[in-house]
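Peer 1: Residue numbers (this note's numbering), protein chains in the order written: chain A, 1 to 563; chain B, 1 to 563.
Source of the hints: derived by calculation from the structure; they are not laboratory data.
The reader is advised that the hints may include incorrect statements.
[To be verified] Computed beta-carbon distance windows for the label pairs:
| no. | chain 1 | residue 1 | chain 2 | residue 2 | range |
| --- | --- | --- | --- | --- | --- |
| 1 | A | D291 | B | Q554 | 45 to 55 Å |
| 2 | A | E414 | B | Q554 | 39 to 49 Å |
| 3 | B | R262 | A | T552 | 35 to 45 Å |
| 4 | B | K243 | A | N456 | 24 to 34 Å |
| 5 | A | P516 | B | K261 | 40 to 50 Å |
Think of the CB as a built atom: it goes at the ideal place given N, C-alpha and C, for glycine as much as any other residue.
Protein chains: 2
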Amino acid sequence: MADAERKLSSGNGRIDFVTEPSRYRHWKLSVDGDVATLLMDVDEHAPLFEGYELKLNSYDLGVDIELADALERLRFEHPAVRVIMLRSGKPRVFCAGANIRMLAGASHAHKVNFCKFTNETRNGIEDASAFSGQHMICVITGSCAGGGYELALAADHIILTDDGSSTVSLPELPLLAVLPGTGGLTRVTDKRKVRRDHADVFCTTEEGIKGKRAVEWRLVDEVVPNTKLDDVVKEREREFAQKSDRPADAKGISLTPLKRKRATDSVEYSSVSVEISRGERLATITIRGPDAPAPTSTDKMVEHGADFWPLRLARELDDAILDIRLNEFDTAAIVFKSAGDPKAVLAYDDFLRANSQHWLAREIVLKWKRVLKRVDLTSRSLVTLIEPGSCFAGTLAELIFAADRSYMLIGNLEGDNRPPAAVMLGKANMDGSLPMSNGLSRLATRFLGEPQSLENAEKAAGKTLDAEAAEKLGLVTFALDDIDWEDEIRVFLEERASFSPDGLTGMEANLRFGGPETMETKIFARLTAWQNWIFQRPNAVGEEGALRRYGTGQKAVFDTKRV
Amino acid sequence: MADAERKLSSGNGRIDFVTEPSRYRHWKLSVDGDVATLLMDVDEHAPLFEGYELKLNSYDLGVDIELADALERLRFEHPAVRVIMLRSGKPRVFCAGANIRMLAGASHAHKVNFCKFTNETRNGIEDASAFSGQHMICVITGSCAGGGYELALAADHIILTDDGSSTVSLPELPLLAVLPGTGGLTRVTDKRKVRRDHADVFCTTEEGIKGKRAVEWRLVDEVVPNTKLDDVVKEREREFAQKSDRPADAKGISLTPLKRKRATDSVEYSSVSVEISRGERLATITIRGPDAPAPTSTDKMVEHGADFWPLRLARELDDAILDIRLNEFDTAAIVFKSAGDPKAVLAYDDFLRANSQHWLAREIVLKWKRVLKRVDLTSRSLVTLIEPGSCFAGTLAELIFAADRSYMLIGNLEGDNRPPAAVMLGKANMDGSLPMSNGLSRLATRFLGEPQSLENAEKAAGKTLDAEAAEKLGLVTFALDDIDWEDEIRVFLEERASFSPDGLTGMEANLRFGGPETMETKIFARLTAWQNWIFQRPNAVGEEGALRRYGTGQKAVFDTKRV
């Protein structure tokens with residue numbers, strides 16, 4: 001299921017996104033006061049799939065799953081950490097980038113989703129710096145190539161050792177006929193603002209750039225000789241630590257293992273149920289509202305820790321989405337449902353916002369921002385069904401606006417005596433704390449052409465909106481009565497499953513992100529789309545293509561047409 | 001050469017972008033006072049390639065070449081025209097969009113470049129409205145589908161006849177498994193700001209939307225019953241004419257045929273020479289500076305008409321670029337050279353800017369803007385060689401900044417006694433009149449990360465900059481002396497020809513456009529890149545794909561993986 005052509009080294013049928021430091025094979029995480037060190041030390045004998053070795057600190061999705069886990073833990077388990085040092089545990093190499101054998105053998109769907117996940121991890125690094133006070137400094141000793149440099153680009157500050165052999169490079173094009181697709185090209189032009197002709201030279205120079213020129217061309221922030229490296233590193237640690245507003249004396253919470261029970265066609269979490277209907281090519285994700293009232297103090301929230309409902313739910317939803325993305329390629333549509341008390345959801349939202357200065361409340365809202373962005377970027381048709389007994393309020397109402405379409409039932413179906421479907425808006429929908437990649441809230445994006453509708457929606461905050469009211473406010477796509485409900489939705493889902501999966505991916509990638517573009521949308525749209533195109537082209541992936549022939553001693557043969 | 005798999009109906013070996021109204025097969029252009037009417041009346045028996053018919057006002061590149069020509073003539077030959085009415089000459093159909101048989105049979109390279117050209121034509125319509133005072137009103141009677149609606153979307157105002165059968169639709173996805181790739185998806189979300197769930201319904205509804213709902217969903221501006229159509233049209237013509245600043249009494253100039261002589265490996269224009277070196281996969285475009293001093297009055301400029309050097313050169317360069325794009329797919333790199341007096345070039349620039357209120361001066365600068373954007377968007381590696389005797393000044397210096405790299409010779413080569421290479425900057429490089437698609441000047445884009453360099457460049461305006469000065473100012477990539485010159489350039493060009501053409505296309509599409517995104521860059525990056533991806537996918541173009549099977553009675557068979 002994970003990748004028809006390949007066997008997972010774990011022997012499992014699915015890629016698992018859950019891990020913890022004691023199980024890391026590729027990273028060493030250590031914390032010393034306000035400085036954490038993430039040491040990349042990839043175990044070449046522990047690839048995610050069988051059939052290749054992770055030489056020279058090259059990585060595959062398994063390596064990145066550990067990195068993503070470590071970064072989450074730094075946020076939640078280590079509130080005192082203000083600086084993350086990213087370094088290599090290998091002597092002469094920083095990181096050789098994504099593993100080429102893995103790429104050459106992976107299915108198109110896996111490659112694309114691997115890149116998407118690694119992109120999200122790197123965006124998360126920048127998010128932690130911008131919003132959470134955890135700044136990353138990358139120290140490069142040895143060669144830092146391709147995806148290795150793309151990882152470095154996500155850091156706030158890049159130090160390159162000036163030893164005559166340490167280099168940065170993006171050799172994807174000359175070596176493999178693909179792009180630096182994990183944000184590389186975009187961060188070079190838009191984050192580091194490298195002059196485009198320098199960028200052209202850099203991206204076509206297999207051996208990379210070292211020393212002073214790397215600084216002059218803005219590729220790194222400083223080059224430092226070995227003799228001075230320790231001093232400079234300490235100095236930078238202090239500088240960046242001073243910029244942080246992380247609390248000095250708070251105690252972290254432990255990100256305990258997810259409660260998760262998997263059967264063939266379902267996954268059961270504490271607050272999330274996933275049902276896979278393979279015949280219909282559907283995944284239904286049902287979210288359960290809080291099972292206890294919002295806490296009365298931040299101490300209580302900290303005490304609940306990973307069990308605190310909003311955090312628990314966010315982690316479970318994230319895992320569910322990733323599982324479908326990478327393990328259920330045949331799923332055409334994800335259906336979101338919910339069950340619970342909308343007011344109780346809003347109460348949690350209000351609690352988090354009333355305490356937005358508290359480090360944990362802040363982290364939880366930031367976590368929701370990332371999870372919802374992950375939903376936005378999931379290449380499945382998204383539909384939200386708002387039924388009696390549901391609790392799409394505040395943060396959870398974002399799943400209505402993240403969906404390609406939403407359907408809301410007017411009144412009740414026969415024999416159902418749960419409260420009629422209601423939508424409730426709250427601060428979470430309006431205060432800018434849950435922006436999309438384009439920098440706007442989902443409501444603002446929705447109403448780009450109708451400022452009055454945005455105002456009306458804002459005025460409706462806190463009100464219990466029935467189907468007709470929600471439709472009138474433009475919050476849902478269709479309000480349907482019990483006569484039409486089942487048929488309309490069935491027809492829609494059948495139609496969705498009948499369309500070209502690729503066409504839908506392309507269409508949704510365009511329709512979901514109206515309005516402004518950011519570095520993030522540039523990465524996911526422009527760069528990713530071109531990379532996906534190239535991942536289909538014989539010049540890269542064909543029998544004679546560069547990706548396939550790499551390391552065989554045979555030169556790639558190219559179709560010379562420029563398209 | 002144009003398209004290996006297909007034969008041009010003309011019997012020629014190349015697609016020709018030059019035409020004139022007397023040769024139009026598909027459009028009728030008429031002018032009445034300040035209103036022009038562009039009647040789309042496609043001759044189904046005059047396709048560009050053999051093997052399909054252009055039924056139902058469907059179009060191919062040949063139809064769009066005529067449209068582009070008509071729009072150019074409206075700008076230059078008809079200064080009094082303020083409103084362009086876009087209508088169909090067929091009774092029950094407005095336009096069925098791009099011809100499906102043509103798409104199904106075209107090579108990937110042709111499809112991609114066909115879309116690029118049509119995109120440029122539509123952007124040109126919006127440019128005429130925004131900067132040239134020619135506003136387009138589109139009147140839709142009958143069905144307006146796919147590329148037909150995408151053309152309508154380029155207009156300022158869309159009137160849909162309310163007759164129970166006139167519809168707008170984007171049926172590409174449900175019908176053909178491809179995207180509305182000629183700006184459709186982007187203009188729906190970003191120009192018309194259609195709500196994304198409505199857009200989702202619209203883009204998956206084969207039969208389209210009609211009547212009031214089309215207005216409510218922002219798909220058209222008004223629906224008008226047949227009985228009132230004439231009155232409303234007249235009213236809108238007056239409204240939009242009033243917004244225009246076009247001169248009422250100016251006399252247009254005639255866009256006389258280009259002087260062009262083609263041999264197997266070269267094209268000779270009056271101010272442009274193109275040399276094709278097929279072995280090296282190079283096209284060298286040499287631009288010649290003015291052969292007469294700048295005129296002393298706008299009357300003289302009008303008198304020169306299409307022979308006026310800046311206009312003549314712009315048209316010739318445009319034709320040369322298009323010819324390479326669509327007919328020379330094997331060309332890896334375009335080398336720009338120039339010959340002439342830099343000061344004479346600046347004198348023309350200064351003349352045009354001193355008279356920027358004159359309609360023709362304005363049109364000529366706008367033409368250069370479009371031509372230079374066309375260069376930016378050309379998927380060939382671009383390199384500018386600045387040699388002794390060259391005239392890269394002002395507008396022509398933009399070709400240095402549009403290039404992926406530039407090389408400038410220090411001093412002279414042995415035996416050459418032309419003046420040493422010099423670059424001169426002028427107002428054209430700084431006044432914002434020649435922006436890239438991202439809305440910034442090429443210099444501003446170049447120096448995104450170095451505001452001081454931008455200031456220094458601006459201060460150097462009017463100075464004769466030799467190679468070392470130009471390199472120091474960051475204006476050229478490399479300044480080389482006579483010892484290195486030939487070898488360095490040869491090695492670079494050989495290297496470029498050795499890389500994957502697709503990889504280069506993707507890399508250049510990312511590196512060329514740092515900084516802000518606009519609707520235009522969204523169309524060319526996000527939308528185009530996804531469409532290109534889909535144009536490679538078996539679900540669209542495979543034997544069992546939707547594009548191939550359309551009209552055969554057989555249903556497409558899809559790989560159900562969502563990627």
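Peer 1: Now, for every hint given, state plainly whether the structure supports it.
Peer 2: Going through the hints against the structure:
1. Take A:D291 and B:Q554: their Cβ atoms lie about 53 Å apart, and the range 45 to 55 Å holds.
2. One distance hint, 39 to 49 Å for the beta-carbon pair A:E414 and B:Q554, holds here, with the actual separation near 42 Å.
3. A hinted range of 35 to 45 Å holds for the C-beta pair B:R262 and A:T552, which are about 43 Å apart.
4. Distance hint check for B:K243 and A:N456: the Cβ-Cβ separation is about 31 Å, which falls inside the suggested range of 24 to 34 Å.
5. Between A:P516 and B:K261, the C-beta spacing of about 48 Å keeps the proposed range 40 to 50 Å intact.
In this structure, every one of the numbered hints holds.
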